[in-house]
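Student: Spelled out, the chains give:
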Amino acid sequence: MRRGQLVVDAVCVVLAVVVAFPLYWMVLAAVKPAGELQSASPLTFAPTLDSFRRVLDVENFGLYFVNSVVVALAVVALSLLVSFLSAVALTRFRFRGRTVLLVMLLVAQMVPVEALTIPLFFLLRSFGQAVPAFGLNQLGSLVLVHLAFSLPFAIWLLRGFVAAVPVELEEAAALDGASRFRFTWQVLFPLVAPGLVAASVVSFIHAWNDFLFAKTFIISGTENRTLPLGLLVFFKPEEQDWGAIMAGSTLMTVPVLVFFLIVQRHLVTGMAGAVKG
Amino acid sequence: MAVVQRRDGRAALLYLVPAGAILLALLAYPIYQLVVISLFDYGQPQASGAAPLVFLGLDNYVTLLSDPRFWDVLVTTIVFAAVCVAGTMLVGTALAVLAGRARRIPRMLLFLAALGAWATPTIAGSYVWLFLFDQDFGLVNEVFAGLGFGGMQGHSWTFDRYSAFGLVAGEIIWCSFPFVMVTMYAGITAIPREVIEAASLDGASVRRTATSVILPILRPILMIATIQSIIWDFKVFTQIYVMTNGGGVAGQNLVLNVYAYQKAFAGEEYGLGAAIGVVMTVLLLLITTLYVRAQRGVR
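Chain order of the listed sequences is A and B. According to numbering that gives the first Met the number 0, the first sequence is numbered sequentially starting from 0. According to numbering that gives the first Met the number 0, the second sequence is numbered sequentially starting from 0.
If you are wondering where the hints come from, they were derived from the structure by calculation, not from laboratory data. Virtual Cβ for every residue (Gly too), placed ideally from N, Cα, C. A few of these clues could be false.
Claimed, not checked - Reference listing, derived: stretches of chain B covered by chain A, where coverage requires no fewer than 3 residues with Cβ under 8 angstroms from a Cβ of chain A:
| id | stretch |
| --- | --- |
| 1 | 94 to 101 |
| 2 | 111 to 121 |
| 3 | 259 to 268 |
| 4 | 281 to 287 |
Between the sequences and the hints, there should be enough to build the whole structure, so can you do that?
Tutor: This is how it looks when you write it as structure tokens:
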């Protein structure tokens, strides 16, 4: 029995190393001096920030980074607010057509949003003529699109969490004289925090990772590029500057990694809640 | 009661308006538009307003269905997605089971590594895998050459159709198994210990316990994870676009989503691109519905 446990643990550690290896190799290549890139050595003794400097100075990567952060944070904040409201309405209020809405929400999650690139392109083009900030080549267009795509899942997820809060609590709050509005924001909102965390992770990742919409909508507005586009610009088939590409990839990965590590405990409970709900 | 209901309805409406407006404008309306555009001859002149729209009816679909290239891409997409889903589910479930049996520290290490792969942005992950398998700078070729396979020096992994697909599938499984692993692990640990103990007291073998007790409990979670994977892998775009440079040598690695994009935004045939989008949506809905049905049947 003990030997069996040892084998399981060993396999577990080995697999952890295998899974983490691409990430390690990415960071390593980012800090390797240019001459060492081709070597298979798993260590470097002369780490340098040259690649990062090249990325940040030459290609405006800093700006793309800020753009990506702005889009992702705007999407997260708006989607939490909007989806929480809907989740409350769908679980706490009785009204006609509720079931229909729920079913539509499920179906909406199955729509391959990537297929909508073409109509969205034209929609945003005409939208931009009325409200320039949300038109093509503007960050606002990406915020809008990702907000819309993150909503169905976020609402569905939060619904489970709101439903888990006992109705008695609301009755007690009402007896104590709290208005429904006050109860919703001061009691319910904090109580569904794990759900909010899980929902925000998913929305953040969607917005942060997006490549297709950024590539399609941000055509001529180079100053409004987000990180994935910045990376693509770096990738020139003739002169692959792997050091710089890996430095850029590292810069793009680190914020998500930090975010994940902070919320990881909530994430597992959040996902479990989503599955149960 | 009636009064309460009406007040509820009005409040609910207020709470639902923001989400409703956004979803109608940016999800429902584009779906409708997608179908409309697919019925027109919609090229660059039409897009810029220089030429009038010509209604084609189903002509775009006829063009598509009589194009052998489309069928090739369609079959490729389905097979490729099936391989990715199967791989993701297998790896994710196996590692969840393993994590459930390991002690704390090894388990934490595995979860940390999985979290890292999960957190890696798609495009960063694609580049890292490309780098690992790069013709000249890649570690994999170096290691092969070091092991005595001199022929692997300068070997291109993206030139051959199947090795390019294999590489992309590897990256996709690497970045999507963590979701399955975490959900399955949550499901496994949620099974009360007594249930398994009761089964073994009743004389059920380990295998019997797994298939007749644990699996039925986990089925709903397994189903959700599978559907999620199908949806993700069927419409994969970034990995193919980045790793095979827009669809591979002579378009050998095209999948539907990339094909639609190329048709619309590179070939300026928006009508055809939209038709591919419609086909993709319908197929995806069909596949997931069939899958849900099949699972219901099992239960």
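Student: Test coverage of the stretch 111 to 121 of chain B by chain A using CB-CB distances below 8 angstroms; three residues minimum.
Tutor: holds (count 11)
Student: Counting residues of the stretch 94 to 101 of chain B that have a beta-carbon nearer than 8 angstroms to any beta-carbon of chain A, does the count reach 3?
Tutor: Satisfied; 5 residues make the cut.
Student: Per the coverage rule (Cβ-Cβ under 8 angstroms, at least three residues), is the stretch 281 to 287 of chain B covered by chain A?
Tutor: holds (count 3)
Student: Three residues or more, CB to CB closer than 8 angstroms: is that satisfied between the stretch 259 to 268 of chain B and chain A?
Tutor: With 4 residues closer than 8 angstroms to chain A, the stretch 259 to 268 of chain B meets the three-residue bar; holds.
When each numbered hint is compared with the structure, no violation occurs for any of them.
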